[in-house]
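On the provided structure of chain A, position chain B as indicated by the hints.
In order, the protein sequences belong to chains A and B.
Take 1 as the starting number for the first sequence in the numbering used here and just add one per residue.
Take 289 as the starting number for the second sequence in the numbering used here and just add one per residue.
What you were told as hints is all true, and nothing was included just to trick you.
Cβ-to-Cβ under 8 Å is the rule here; a few derived chain A residues that face chain B:
| # | residue |
| --- | --- |
| 1 | Glu-95 |
| 2 | Leu-98 |
| 3 | Leu-99 |
| 4 | Gly-102 |
| 5 | Leu-103 |
| 6 | Leu-105 |
| 7 | Glu-108 |
| 8 | Glu-109 |
| 9 | Leu-113 |
| 10 | Gly-266 |
| 11 | Tyr-270 |
| 12 | Met-273 |
In silico negatives: residues of chain A with every beta carbon more than 12 Å from chain B:
| # | residue |
| --- | --- |
| 13 | Arg-164 |
| 14 | Thr-165 |
| 15 | Met-170 |
If you're looking for bench data, these hints aren't it; they were derived computationally from the structure.
A virtual CB, placed ideally from N, CA and C, is assigned to each residue, including glycine.
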Amino acid sequence: MDFATFLIQTLNALQYGLLLFLVASGLTLVFGIMGIINLAHGSFYMIGAYLAFVLTSATGSLVLAIVLGIPLALLFGAFLEWLLFSHLYKRDHLEQVLLTYGLILVFEELRSLLVDNDVHGVSIPAFLDASIRLTEVMTYPVYRVVVSVVCIVLAVALYFVIQRTRLGMMIRAGNDDRTMVEALGININMIYRVVFALGVALAALAGMLAAPMSSVFPNMGSQVLIISFVIVVIGGIGSVWGALVAALIVGFADTFGKVLLPEISGMIVYLVMAVVLLWRPEGILKKG
Amino acid sequence: MNAHASLIFKLVALAALACVPLSGESFYVELISKMLVMAIFAMSLDLLVGFTGLVSFGHAAYFGIAAYAAALLSPKYDAGNLWLLLPGAVGLSALAAFVIGLFVLRTKGIYFIMVTLAFAQMAYFVFHDTPVGGGSDGIYLNVKPSAAIGGWEPFDLGNGTHQYYFILALMVLVYLFLARVLQSPFGRVLVGIKSNEHRMQSMGYLTYRYKLGAFTLAGALGGVAGFLYAVLFGFVTPELLSWHESGNVLLMVILGGMGNLVGAVVGAFAFEGMRGVFESWTEHWQLLMGGVIVALVLFLPGGLSSLPARIRRALQGGEAK
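Bound conformation, chain B alone:
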């Protein structure tokens, strides 16, 4: 896709997303809200997997930590202040990612995959086995945070439409932010690390620091998604930190094609969409999901974003004959 067509595609997609609440179907508004949250989550992981070459298999930890922070930092029977809760939750996720990153970034390859998983499992058991977050039962976020600044309330998260636009706006912001970061010298170094870390080191870059920066940033943005998830559903369980969630988000990134922010968004939508369709067909939807995943890896290694190029190549191949 050339730059022009790509921009048009993005604007059309955005316009379509902005129209969703006009349908008035609250079911679809909530479903697409969830997809948008997952899109933020997938983009945050793509920064690590697709751009820096760090395959984290424990990204759900940062999602879950911010979700728990949203529930735990909110007053029990009253609305918390959104403008304090959101930075607070995201800050905690970033802090957790920073501390865990200090350790896990010492390892590489398969070891990195497994150690990120191990730390996520530790976080899972903190919430699962100890009473901080209500144990395995989870915890409710009783009242959605209030967006009031002084006496003025720009929007109300209790209203499904307002909430939808808030989530959409954050998704666009995260996208623009990451796109900007990737254009910056910092982002260029990350891409350099992915293609050849030794060369970056010999050019004098302290790659460990850059990786730690990326890991922390990805954790923080994963936290944005986790916070929104808690606000959207008002309920947080340890399962949000489980390795199944880490697997699912990795799947979204790969489904859409790694190293491509729009791909991550497409992957998140495709994943949640497939789940919705399969769930409506059968209670054994995971069988279909698993089958699709296996087929995808075997037959479409570049993910869904590689489809246009593949089709074009196939067509051109046809013409050449």
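Isolated chain A (complex conformation):
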């Protein structure tokens, strides 16, 4: 592997890992704070991607689609939490797995009814549709760099919200001890709703950003879901920073696995997970 290829793959791995972080961060928060296994989290990614497709077709601009899509995703998340997930907090994991598994089926079929079962491309905004020259023959698309930058900005923002704001303090407190937070007079249900909506919006945003790169297709949510679960488990449930580290590990393992060991590339991520769990059964960073 020459240096330029290495550089390109590194950038790809970084971009992929960061995008996965957007999905996994919401998943790990919902996991850690509300104690809910949400299999339907991948569907939010899928819904985001299809929103990007539909809104871009309607408005002619991906940027506008994202600006419109995020509030929609937030509202949708809050609505779902109110309608379904708020009934799941005291149920065991098995019932959560079931209900959210049922939701996947519902969302996939609704997608097929409302849009269709075809693969669709989403065009990159014209002002980002360019490439950076790395060597004589190799270039790297500007859009991917922009996606990475957006993800990094969001990760920093998330850090700021969780560590430095009053809301973040309540979220962290809720992560540690629900009963105590309630006893202090904080409306934990409101916090749950906010966190859930935030998780949905992050996953949907990841889907919208990914849409022009991967195109939108049926079952795109399942792929991302399983990988995100791997990330959450590797990182340690409830730990956003663990999720960041794990997402980057997975991004690199998957990208370089495809280049170096194409025969077993599908398995590498799961191997990494198995090894990490044998070394640390509760993830790299348990609750941080």
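For chain B alone, kept in the frame of chain A given last:
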């Protein structure tokens, strides 16, 4: 349900199942054959989920491994020997479950759910990405195994009715076997682990070994189901190992009510039955299926087996007024 009524229910159900081939409708014979296979699969998972308290989200792996073994170990253009193929396929599933169990049983709770899933995904990709089993296209089992012993052939799996009774007999055997296991000291320990693993440990039981035994046994019995599936349909794809299949079988167990072998059978029948009905209504049958699942979790936490008790309670409540 008291023991007497429960026995009568089981015998009536068995008699009804035994009568199915008399209808002469091959469509129904095949449909119920599939339901019986799924019932074995669901019972095997119930041993883990319902009795030992281990929620495995990767049980399809053992089903799929035995199905692939059935196809791969059979001669290409000739009938394999059933009495060698079945133990061989089941043995491979048991071996896979044992090895995977060594690792996954080190984790607990949510982690266990996810790690079983991860190992099943690995198995899925072994068959999906490598040429061993024909890649993503899958592989055919061209000729059904022969049941001949020496020159004597007690039954012919190529005959739909014979095949049906063979599957029914295995389902009953698996049921009786599991019921017996659960009565044994081993089974009692498993139930003890479910209710309180720490207490079992402090009583001196090496719970890890018991869990590993249960995991291996469940894998082996899941393998029986997978083997039968391959024989029934003559075609095996990696999708048999996918997490959707693991989800479906978990659903069957919960649908029927966990920790109840008859419930697992009822759940498998209900699931496949619903699928059949919804599929005949609309191509978007999964929408209905998903809706039913969501409603079930919200409104009927104990599964279908809890219905009689619920109805009775509702009636008694009515009388009390």
